[in-house]
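**Q** Below, each chain spelled out in residue letters.
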Amino acid sequence: MQRLTDALDFQSRALVLRSERQRLIASNIANADTPGYQAREMDFANALRQATGRGGIGNANGNGNGDGTGAALATTHAAHEPATVSLRDEPGLLYARHSQDAVDRNTVDLDRERATFVDNTVKYEATLRFINGSMRSMLDAMKSVNQG
Amino acid sequence: MSMFKIFDVSGSAASAQTQRLNAVASNIANADTVAGPDGKAYKARQVIFQTLMMGEAGAAGVQVAGVVESDKEGRRVLAPNHPSADAQGYVTYSNVDPIGEMVDMISASRSYQNNVEVMNTTKGLLLKTLQMGQS
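Protein chains in written order, with the working numbering: chain C, 1 to 148; chain Z, 1 to 135.
Because the hints were derived from the structure by calculation, they are not lab data. All C-beta atoms, glycine included, are put in the ideal place defined by N, C-alpha and C. Misleading hints may appear alongside valid ones.
Part of the chain Z face toward chain C, derived, beta carbon under 10 Å [unchecked claim]:
#1 11
#2 35
#3 110
#4 118
#5 134
Derived BS3-like pairs (lysine-lysine); straight-line CA-CA distance at most 30 Å [unchecked claim]:
#6 C/143 / Z/123
#7 Z/72 / Z/43
#8 Z/72 / Z/123
#9 Z/128 / C/123
#10 Z/123 / C/123
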């Protein structure tokens, strides 16, 4: 039963992350005129790797707990305390690098945000189609021959 | 479903931009207002935006923190025959800068459009999500 839903599980996690990223970009576009607002961005590949328990960058050196619920900070010195960051609150949110300085310290690059928004929309729809497709092929496989 | 929050985020931004547009409209309407008997002319108004965190991570809306009046000196024109002229024969007009207000208006209207577009796109995505597995 587990193997039946494995592919769906991956896609559904990707869909949740896509919707979170969509919300993030919407917040950036909403705050394009707010003085002092710092644009946020998500490292999608890393977040997906952590959400599906395949190890993010923080887990690469064996410091991570690997269950997909928390990301570990890398320790580069023996005296460093291992600290875990809860993924539940901030799924790998970063601050976007800004291309030019603004007088009001706002770092939203509206052109880039709009492009990222469209990109994320298309990829969300693609993930939806993947889910629909794998569900359809699963249902087809369940049908017996004489059911047509 | 975290995408429903986008309507709150973009809706708050659209509402804030509407207030900004409202202030711009008042300013342009009063660009040629002269001072009344008390000698005080209309002062240009400007809304101040502030980020409003909306609970979930990364969901940041916009709220209007307040409306400030510009304390720039009003335009003074020598017109001794004007009924509102003061003792020296000067008429004080409002301190509105019409060109700056026009720029502000275009900026507010573009930002409003951006937020509406975000809401429309999100609505389409949510409707497609509702049909998941039905096709």
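**Q** Work down the list of hints and note, for each, if the structure agrees.
**A** Hint by hint, here is what the structure shows:
1. 11: Check passed: Cβ of residue 11 of chain Z comes within 9 Å of chain C, closer than 10 Å.
2. 35: Violated, because the Cβ-Cβ distance from residue 35 of chain Z to chain C comes to roughly 31 Å (cut-off 10 Å).
3. 110: Hint on residue 110 of chain Z: holds, closest Cβ of chain C at ~9 Å, below 10 Å.
4. 118: At 5 Å from the nearest chain C Cβ, residue 118 of chain Z passes the 10 Å test, so the hint holds.
5. 134: Because about 8 Å separates residue 134 of chain Z from the closest Cβ in chain C, which is inside the 10 Å limit, the hint holds.
6. C/143 / Z/123: Measuring from Cα to Cα gives roughly 34 Å; hence the hint is violated.
7. Z/72 / Z/43: Holds, because 8 Å separates the two Cα atoms, which is no more than 30 Å.
8. Z/72 / Z/123: violated (44 Å)
9. Z/128 / C/123: holds (13 Å)
10. Z/123 / C/123: Distance of about 16 Å is within 30 Å: holds.
Violated hints, in rising order: 2, 6 and 8; the structure is consistent with all others.
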